[in-house]
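Enquirer: Sequence:
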Amino acid sequence: MSVKALSCVRCEQELHSPDRLKSPDRFQTGPGHVPYCDSCKGGNGSTDGAKRNRSVVRCQNCKLDLCRDCQKRTHSSGNKMKHQLTAYPLPPKPEEVTSVQTLVQPPVLTSNETKAQRSKLLESVCSFLLVDKNEEMQIKNEAEFVKKLNCEPERLLKVVSIFGNTGEGKSHTLNHTFFMGREVFKTSSAQESCTVGVWAAFDPIHKVVVIDTEGLLGNSSKQGQRTRLLLKVLAISDLIIYRTHTGRLHDDLFKFLCDASDAYLKHFTKELKATISRCGLDVPLSTLGPAVVIFHETVHTKLLNSDKPTEPVDRLLLERFRKLGRFPEAFSSVQYRGTQTLSPPTDFCGLQKNLEQLLDNNATRSPRTPVVIFKALQALNERFSGEIADELLAHSCFFPDEYFTCSSLCLSCGSGCKNSMNHLVEGVCHEAKHRCRYSVQFDNRVYTCKACYEGGKEVIVIPKTSASSDSPWMGLAKYAWSGYVIECPNCGVIYRSRQFWYGNQDPVATVVRTEIQHIWPGSDGFLKDNSNAAQRLLDGVNLVAQSVSELGVKPAKAVTSWLTDQIAPAYWKPNSLILSCHKCQAVFQDNDTKHHCRACGEGFCDGCSSKATAVPERGWGLAPVRVCDGCFEQRATHAELLKAELEEEEGGTLARKVGEAVTNTLGAVATAIDIPLGLVKDAARPAYWVPDQDILFCHHCQREFTAKLSKHHCRACGQGVCDDCSPERRPVPSRGWDHPVRVCASCTQGPADL
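Here this note's numbering is used: the first residue of the sequence shown is 12, the next is one more, and so on.
These aren't lab readings, by the way, just hints derived from the structure by calculation. Take the hints with a grain of salt, since some may be wrong.
[Claimed, not checked] Derived Cβ-Cβ restraints for the label pairs, each shown as a range:
id	residue 1	residue 2	range
1	Leu633	Glu442	57 to 65 Å
2	Lys126	Leu335	31 to 39 Å
3	Leu633	Ala520	15 to 23 Å
4	Lys281	Ser135	38 to 46 Å
5	Thr198	Lys334	33 to 41 Å
6	Thr357	Glu203	18 to 26 Å
7	Arg740	Val598	24 to 32 Å
8	Leu327	Thr198	25 to 33 Å
9	Cys440	Asp735	52 to 60 Å
10	Val519	Glu739	34 to 42 Å
11	Pro738	Ser450	36 to 44 Å
12	Gln234	Leu327	38 to 46 Å
13	Thr521	Glu644	17 to 25 Å
Quick caveat, the model's predicted, so the values are computed rather than measured. Note that beta-carbon positions come from the ideal geometry of N, C-alpha and C, so glycine has one too.
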């Protein structure tokens, strides 16, 4: 049977193979062959091809080849003017046709594999769901990924992915381009999208991982997350096909590529660098973007360069990007491949040839193992994941920053964090683009030492109860006398709130600078209530209460005696050793008051220490203080005292000078032993501590607190923990505890300085 049609080399192989059609009547045509006119009847009305005219045009609407005369006869009226005509080259002379035909050789197949061999390789290929619509990886590890691909783990592969609007035929394109028309990726004629999430398959012929993605502009929930998923696929791809089946290239296509390029460079570069360095790949994916092929299929509309065949298509694409004022810098190249489908099926030969050329080029993107591909996608998916607010869906940009940045907002000013998602797991703190404003509720002021700032350093200082060099009770005594202290690690103590009797200036005007910083959800506050004197005092009360619980002494009296010993000068005899008056030997009863002579330091009753005189050599200044009768008689005259050298014991008499202030403070708290302790503990609790009534389980081991399992507060985080989960004692300078205090196990494993 004779087939009266022209065939290309590929059709020659497909349609006229020996198994399909062994003896057809056909002949070879040479380059530049022009067919005969389909409407011409010849000079005598014969249909013999030898007597018919050669065609000069082909009507794409009528599907006819026409000579010059037939064109004028059938396509000159008004109703035929809009038909699309394609011109043929000038017909060759008869002698040229003969010479050309004698030189034409039978076609030589360029592929080493026959169709049967290719089909056999593709028989076992099937696609699998890689990431679902909720951005959850469906493949758990590298071994499962390699098994699903059905390839060798050491095989070096490239990745080809496809993008486009829903219903554009993306899955159909992949099936015919890589899998000889087999339905590896599901296709459907229904209105609903048949591709949800990200699907992958391995092409054993071209040695590539082919990825099919969900279409844009689909009617689906979580549209923001699905759009973000596309960029993750783009970031791991070597080659991208943007499939569009429309008459003209719309601006949305170019905006999508530009937005994807900007988001890739801004959010994915750093993460890909870290991932690829961990995998040991020589060529980093972060610096070499994928190549893009715009596959444009039309029916009635001309292709992009059909009007100007001499002008490169790349220049036309560049002109479209220039009109938008942007350019996709992340991509290694952006190419155009168009095809006009006048009658189905679509011709994918040009696209396939273009893709093969790009895949063979390793100058910009090198192939890599399946393990590297999986780890890169897994790392990106873990970093950029989470819910996206509904109000972001109306954003004018395809990939707004909110899709990839931290969703935390400052509680004070409402500014968003500019760092990438899930950055806290790497120890990176929140940052904002704009300055914050002061909020009384959060008191988000930060003090920095002014002297250090003028010297080129920025050192944060915080008000606290005592200096780090003071002992716990000495610091408490100084706090009661001279107020809170501001201490710089470089300059030492730079401010005390009640250093002078009058005229104390505000620290902001003298020694510190103030900055307003952001308050992020979950933070404890900024200056962190470091005035923990009440809790320090209560800790001491608890200690004394436990130590004197077996004695018959009234708790308030025992606390006062114990405190006196803590802040007493070194030469004073401890209260615990004073059982009787040093002079009259009268034994002290439980309610008797013990007095110390400021000169000798011994303990006396009230009758034997009724005198008062100046004791400057002990650091008490020139004011009269209590002394015993014996020391009073031995004191020098007042004139001699003025000449005496003042040798004050640093910190010794100061503590006793303020003893009355501390005792007065203690008097209000010491009765806590006779009052339900929980009430006083709640009043003395620092602001960052979790209230006792809210602590039901240990924050570390989750054991329930009972009467036998006591609850304690970690001085660093303020959480309630049991005794087993807080065995260590460490200083917590950031909270105002400069000496070792109780710290939970979690905070102990943290940084060196709490």
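Enquirer: Each hint: holds or not?
Expert: Evaluated hints:
1. Leu633 - Glu442: 57 to 65 Å: The hint (57 to 65 Å, Cβ to Cβ) holds, given that leucine 633 and glutamate 442 are roughly 58 Å apart.
2. Lys126 - Leu335: 31 to 39 Å: violated (44 Å)
3. Leu633 - Ala520: 15 to 23 Å: Violated: the Cβ-Cβ distance is about 34 Å, outside 15 to 23 Å.
4. Lys281 - Ser135: 38 to 46 Å: Given range 38 to 46 Å: holds, Cβ gap about 39 Å.
5. Thr198 - Lys334: 33 to 41 Å: Check passed, 35 Å falls within 33 to 41 Å.
6. Thr357 - Glu203: 18 to 26 Å: Cβ of threonine 357 to Cβ of glutamate 203: about 22 Å, so the range 18 to 26 Å holds.
7. Arg740 - Val598: 24 to 32 Å: Check failed, 39 Å falls outside 24 to 32 Å.
8. Leu327 - Thr198: 25 to 33 Å: For threonine 198 against leucine 327, whose Cβ atoms are near 31 Å apart, the range 25 to 33 Å holds.
9. Cys440 - Asp735: 52 to 60 Å: The hint (52 to 60 Å, Cβ to Cβ) is violated, given that cysteine 440 and aspartate 735 are roughly 31 Å apart.
10. Val519 - Glu739: 34 to 42 Å: holds (37 Å)
11. Pro738 - Ser450: 36 to 44 Å: Holds - the Cβ-Cβ distance for proline 738 and serine 450, about 38 Å, lies within 36 to 44 Å.
12. Gln234 - Leu327: 38 to 46 Å: The hint (38 to 46 Å, Cβ to Cβ) is violated, given that glutamine 234 and leucine 327 are roughly 32 Å apart.
13. Thr521 - Glu644: 17 to 25 Å: violated (49 Å)
In terms of the numbered hints stated before, the structure departs from hints 2, 3, 7, 9, 12 and 13, listed from lowest to highest.
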